[in-house]
Amino acid sequence: MNQFLQMGANTALSSPKGNITVSHEISNSIDISLTAFLLTDSDKVQGDSGIIFYNQPTSSSGVATLIPAERVGNTKVHKINFDMSKVPVGITKIAITLTEDNSTGFSNVKNLKAEICTDHNIIQLTPSSFKNENGIVVLELYLRNGQTKVRSIWRGFDSGLEGLCKNYGVEVEPDEQNKPSEPKTIQKQTQKEPDKTLTGPANYNSQNTLSTISLEKVKGKISLEKGQKPVIIEKTPEITATVSWKTGTDYDIYALVYTKNGKQIDVAMFGAEGTPPLYRFGNGAVEHMGDIGRSGGSKKTEIIKLRLTNEILAVVPVVYSAQSNGTGSFYRYKVSMSIDNHNGTSVTISSKNANNNDRIYTCVPGILHNTPGGVIISPLELYSKPNSENRPKLKMGSSNMVEVIMDKGPKNDYK
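Position in the sequence shown (first residue = 1) + 1386 = the working numbering.
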């Protein structure tokens, strides 16, 4: 049975369990994100766990789970599953919100609509027109006398995500260079254009601990250095990690892959102690494209190809020069790594902080976190201890982000 719910109206749902879909026409000028806020009677979140977004897609109680957005023809479909029977103590309401992250406003969003499906019942919600708003409260799910109900809202905020967060009691702090404030659970960096900004507090690695991160979805050619904040790029079907250096030595690259089940997989053309060579993982999800050796030319490159699947949480490209090579200063040979999504965006991290020490054999330029909303790239520029031939080791950090620990993995085989 189909039902239409007018703006401002409410109705009871046939079941406490179901899903919400929000859809709109695809356009290059817009970028829509869906965020859910778990609210108390005072319409405030209880903390970081009260925000459901692309980098924290599931609540610990199971009351809400965000599904990665899909493209259906010329339509983008956002979906979130809910089960109000699992509402945690103190929470009485879920607000479903949208932000237009290119700051062009919802006036440019065509055929915007929402649907709630429970059992075989569908409730349709359609807004009136918008102007300059770039943040919207679409609807609210709430409990009333033990029954799950929905209210059609479609209220807009000119201040977008910041306005939504302030409305729901998320703490905000000013960003750099007088940019708009961001909540502590929200990331934004200023390089090209503001975009997807939500992320949880992260402890990315033992040498680069961040309690709050600003993150921006970037486009074009971006350069990152150690100490700068992470960025996010669009996740395309194929992404390449290319390491480049001046000719004169034989660097090799490999990739450390951290999976959802907590395993580390080493994708490398050469082995390490107890770890055999593996040039391809996950049916080509991570693939080494071959060793180039000491061939001629002024510049050398090796490539790791990524076709990121949901099984992969993070990928860490590693640059290595065996002790037997006799030379390998990352500074002298101008080593850099470039991540390219082949859709107009590349992010380059250079070894600008390396010294001229030939006895340092391993460099980790950065880490890629695979999220439903895109690929987070964090510049690390970590180096091994002098004379160490041991690979880095990955582990899950306390804030559910993968960490890189240098020199704790197996010892590389000499080549």
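Calculated from the structure, these hints are not laboratory results.
Here the structure is a predicted model, which means the values were calculated and not measured.
Check the hints yourself; a few may be wrong.
Ranges of calculated distance between the beta carbons of each label pair, as one might list FRET restraints [said to hold, decoys possible]:
1) K1794 to S1428: 25 to 35 Å
2) S1514 to N1739: 25 to 35 Å
3) P1772 to K1552: 43 to 53 Å
4) K1738 to R1530: 39 to 49 Å
5) T1444 to R1541: 37 to 47 Å
6) K1552 to M1655: 49 to 59 Å
7) K1496 to R1745: 56 to 66 Å
Here are the simulated PhoX-like cross-link-like pairs (lysine-lysine), alpha carbons at most 25 Å apart as the crow flies [to be verified]:
8) K1430 to K1605
9) K1779 to K1646
10) K1612 to K1794
11) K1621 to K1607
12) K1615 to K1738
13) K1649 to K1607
14) K1621 to K1496
15) K1794 to K1621
16) K1771 to K1612
17) K1496 to K1403
18) K1612 to K1781
19) K1720 to K1738
20) K1403 to K1535
21) K1771 to K1632
22) K1691 to K1649
23) K1499 to K1403
24) K1403 to K1430
25) K1430 to K1465
26) K1685 to K1632
27) K1720 to K1632
28) K1615 to K1605
29) K1612 to K1496
30) K1605 to K1496
31) K1621 to K1646
32) K1462 to K1403
33) K1691 to K1607
34) K1552 to K1615
35) K1615 to K1720
36) K1607 to K1535
37) K1607 to K1738
38) K1605 to K1462
39) K1646 to K1607
40) K1496 to K1462
Virtual Cβ for every residue (Gly too), placed ideally from N, Cα, C.
Evaluated hints:
1. As the Cβ distance of K1794 to S1428 is approximately 46 Å, the hint placing it in 25 to 35 Å is violated.
2. The hint said 25 to 35 Å for the Cβ distance between S1514 and N1739, and at roughly 54 Å that hint is violated.
3. Between P1772 and K1552 the C-beta distance comes to about 50 Å, which sits within the given range of 43 to 53 Å.
4. Separated by about 59 Å at the C-beta atoms, K1738 and R1530 break the suggested range of 39 to 49 Å.
5. At roughly 26 Å, the beta carbons of T1444 and R1541 sit outside the given window of 37 to 47 Å.
6. About 51 Å separates the C-beta atoms of K1552 and M1655, a value consistent with the hinted range of 49 to 59 Å.
7. Take K1496 and R1745: their Cβ atoms lie about 60 Å apart, and the range 56 to 66 Å holds.
8. Under the criterion of a C-alpha separation no larger than 25 Å, the hint pairing K1430 with K1605 is inconsistent with the structure, at around 34 Å.
9. Annotation: proposed proximity of K1779 to K1646 holds, straight-line Cα distance about 16 Å (limit 25 Å).
10. Taking the CA atoms of K1612 and K1794, the gap is near 21 Å; set against the 25 Å cutoff, the hint holds.
11. The straight-line distance between the Cα atoms of K1621 and K1607 is roughly 16 Å, inside the 25 Å bound, and the hint therefore holds.
12. This hinted pair checks out: K1615 and K1738 have alpha carbons roughly 16 Å apart, not beyond 25 Å.
13. Note on K1649 and K1607: the hinted pairing is violated, with a Cα-Cα distance of about 32 Å set against a maximum of 25 Å.
14. At most 25 Å may separate the alpha-carbon atoms for a hinted pair to count; K1621 and K1496 meet this at roughly 24 Å.
15. Taken as a hint, the K1794 and K1621 pair is broken in the structure, with Cα atoms around 30 Å apart against an allowance of 25 Å.
16. Distance restraint check for K1771 and K1612: the Cα-Cα separation of roughly 18 Å lies within the 25 Å cut-off, and the hinted pair is therefore satisfied.
17. With a C-alpha separation of about 29 Å, the suggested pairing of K1496 with K1403 is violated against the 25 Å cut-off.
18. This hinted pair checks out: K1612 and K1781 have alpha carbons roughly 21 Å apart, not beyond 25 Å.
19. Of the pairs offered as hints, the one joining K1720 and K1738 holds, with about 8 Å between alpha carbons and a cut-off of 25 Å not exceeded.
20. A threshold of 25 Å between alpha carbons decides the hint, and for K1403 with K1535 the separation of about 11 Å falls inside it, so the pair holds.
21. For the suggested pair K1771 and K1632, the alpha carbons sit about 23 Å apart, so the restraint of at most 25 Å is met.
22. A distance of roughly 20 Å separates the Cα atoms of K1691 and K1649; the hinted pair therefore holds under the 25 Å criterion.
23. Distance hint between K1499 and K1403 is fulfilled; the C-alpha atoms sit about 20 Å from each other, no more than 25 Å.
24. Simply put, K1403 and K1430 have alpha-carbon atoms about 23 Å apart, close enough for the 25 Å limit, and the pair holds.
25. This hinted pair checks out: K1430 and K1465 have alpha carbons roughly 23 Å apart, not beyond 25 Å.
26. The straight-line distance between the Cα atoms of K1685 and K1632 is roughly 5 Å, inside the 25 Å bound, and the hint therefore holds.
27. Between K1720 and K1632 the alpha-carbon distance is near 6 Å, which keeps this suggested pair within the 25 Å criterion.
28. The straight-line distance between the Cα atoms of K1615 and K1605 is roughly 15 Å, inside the 25 Å bound, and the hint therefore holds.
29. A hinted pair counts as satisfied when its Cα atoms are at most 25 Å apart, and K1612 with K1496 does not qualify at roughly 41 Å.
30. Restraint check: the Cα-Cα separation between K1605 and K1496 comes to about 23 Å, which is no more than 25 Å; the hinted pair holds.
31. Of the supplied pair hints, the one linking K1621 and K1646 holds, its CA atoms being roughly 18 Å apart against a limit of 25 Å.
32. Using a Cα cut-off of 25 Å, the hinted pair K1462 and K1403 holds, with the two alpha carbons roughly 23 Å apart.
33. Note on K1691 and K1607: the hinted pairing holds, with a Cα-Cα distance of about 19 Å set against a maximum of 25 Å.
34. Distance restraint check for K1552 and K1615: the Cα-Cα separation of roughly 23 Å lies within the 25 Å cut-off, and the hinted pair is therefore satisfied.
35. Distance check on the hinted pair: K1615 and K1720 sit about 22 Å apart at the alpha-carbon level, within 25 Å; holds.
36. Only pairs whose Cα atoms come within 25 Å are accepted, and K1607 paired with K1535 is rejected, the gap being roughly 47 Å.
37. A threshold of 25 Å between alpha carbons decides the hint, and for K1607 with K1738 the separation of about 18 Å falls inside it, so the pair holds.
38. A threshold of 25 Å between alpha carbons decides the hint, and for K1605 with K1462 the separation of about 20 Å falls inside it, so the pair holds.
39. For the given pair, K1646 sits about 30 Å from K1607 by alpha-carbon distance, which is inconsistent with the 25 Å threshold.
40. Taking the CA atoms of K1496 and K1462, the gap is about 11 Å. The hint holds against a cut of 25 Å.
Going down the numbered hints, you'll see the structure goes against 1, 2, 4, 5, 8, 13, 15, 17, 29, 36, 39, while the others check out.
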